[in-house]
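Novice: Read off the chains here:
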Amino acid sequence: MAKRALVNVTGKPATLMYPTTPAKQYDVSRGHIIIAIEDCIYCGNCQRHCVAQAITVDREARTWEIDRMRCVICGVCAEVCPKDCIFIEPDYPPSTVGSSVEFVQGPPAPPKEEKKPTAEE
Amino acid sequence: MSNRIVVPFGPQHPVLPEPIHLDLVLEDERVVEAIPTIGYVHRGLEKLVEKRDFKNYVLIAERICGICSFTHSVTYCNAIEHIMDIEVPPRAQFIRTIWMEYSRMHSHLLWLGLAADAMGFENLFMNAWRLREEILDDMEATTGGRVIQGTCKVGGIRRDIGDDKLGEMVDHLKKIRPLLEESNRIFTHDQTVRHRMRGLSVLSEKDAWDLGAVGPTARGSGCDMDVRSSGYSAYGELGFKPVTFSHGDCLDRCLVRSEEVLASVDLVGRAVAKMPDGPIEEKVTGNPEGEYFAFSEQPRGECLHYVRANGKKNIVRHRVRTPTFTNVPPLVKLLEGIELADVPVVVLTIDPCIGCCDR
Chain A
1 MAKRALVNVT GKPATLMYPT TPAKQYDVSR GHIIIAIEDC IYCGNCQRHC VAQAITVDRE
61 ARTWEIDRMR CVICGVCAEV CPKDCIFIEP DYPPSTVGSS VEFVQGPPAP PKEEKKPTAE
121 E
Chain B
1 MSNRIVVPFG PQHPVLPEPI HLDLVLEDER VVEAIPTIGY VHRGLEKLVE KRDFKNYVLI
61 AERICGICSF THSVTYCNAI EHIMDIEVPP RAQFIRTIWM EYSRMHSHLL WLGLAADAMG
121 FENLFMNAWR LREEILDDME ATTGGRVIQG TCKVGGIRRD IGDDKLGEMV DHLKKIRPLL
181 EESNRIFTHD QTVRHRMRGL SVLSEKDAWD LGAVGPTARG SGCDMDVRSS GYSAYGELGF
241 KPVTFSHGDC LDRCLVRSEE VLASVDLVGR AVAKMPDGPI EEKVTGNPEG EYFAFSEQPR
301 GECLHYVRAN GKKNIVRHRV RTPTFTNVPP LVKLLEGIEL ADVPVVVLTI DPCIGCCDR
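Chains A and B, in that order, are what the protein sequence lines are.
Taking our numbering, the leading residue of the first sequence gets 1, the next gets one more, and so forth.
Taking our numbering, the leading residue of the second sequence gets 1, the next gets one more, and so forth.
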């Protein structure tokens, strides 16, 4: 123990000086979930598989929302997404006040109605 | 006839990381009876199995406990895999074993720190937790989570560890092994620790068997019981030997854990040396039908997951018997006849994990 005490006195601190030194982060760290909404087809797979029921997808309104306080960052949504447009970012979201629900509005639907009559004909 | 008084201990107490309540019946300063109350952190996770897909429920099973999390998910997956006759690829089994041993190391180091803190040995507490951070860093680098790994799935694992990373992990463990040995030496030889723990609250081997003690609590009393000997996951191929001590007092329960950390380091080394190549998961189709009891050795002892399924995607019944739950009767026995001042140390020596216990 005496050796350890000497090392402790003379050595660097074991902890990181956090705000000045950035926190440790790994490529695979599960920090928070993001979506590339342009690629989303609003299939609702992520909503059905979410164990914490944090994700709500609305096909009509073309919205995708996530409750950050409910989300347990398990990564199942990213795994089941057929378009691979949900990603896990390694950094933890900063602390916030107010609503924890993040609302993502998708771009308007591409005009598809024009194609249908031609296919039927 | 002396006067008896009842002193409440917990659910909030500086020594307790989680809430358990004990009514200590005292005669003078001596405990004559302890009446435990559990259920402060009951979350109904077992009931949730009826509402979630059986594959996704792995992530909830993992959240039963924040420390032995990975072992819970592996045990649940073992149960489902037995019901559905899924052959898990050997590489997945080996990597699961490595992560389970990492969980054990970090859990035991956490406990050793808490135990040191309970007897007022702050320096040793910091030392143990500093070593634990090294283990957690490797956990996060390989799984993405420090304590909730989320990498186990029915039929295998979600994430592979590359051979380079496995080598790095072994090198890292080799580097911190002398520090762990030094920390163990303090627990074995230091006067403060010995004075506080040697001969305190002896649990005889017979009592340990009769009262259903499991894990380090039983092994500290000389019971040679460790589910890893049954060879689930990859333990059968790693030449596993349980660590046992014979006195049955607080110090031996502590030494079992400090020795098991080193045993885990060796197990990880052997698992990496024998690591097979191949796929990491088996495709799962269909739904389970049947029932199975899966056992595993958690850091705190033997854990049992009972799963009954009826061929639908939701499971009918999931029952978890966690090690802390079975260690409560031995705890009540341990508390009888000791001084009030020793109660915190004795309560800690069963490594109570109330989150597990209440589920």
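Everything labelled a hint here was simulated from the structure, so no lab data went into it.
Be aware that one or more of the hints could be misleading.
Partial pick of chain A residues on the chain B-facing surface, computed with a CB cut under 8 Å [to be verified]:
id	residue
1	R4
2	A14
3	M17
4	K24
5	V28
6	S29
7	H49
8	R70
9	C71
10	C74
11	A78
Beta carbons are placed, not taken as given, at the ideal position from N, Cα and C, and that holds for glycine.
Novice: Taking the hints in turn, state whether each one holds.
Specialist: Each hint tested on the structure:
no.	hint	in the structure
1	R4	holds, 7 Å
2	A14	holds, 5 Å
3	M17	violated, 15 Å
4	K24	holds, 7 Å
5	V28	holds, 4 Å
6	S29	holds, 5 Å
7	H49	holds, 6 Å
8	R70	violated, 13 Å
9	C71	violated, 12 Å
10	C74	holds, 5 Å
11	A78	violated, 11 Å
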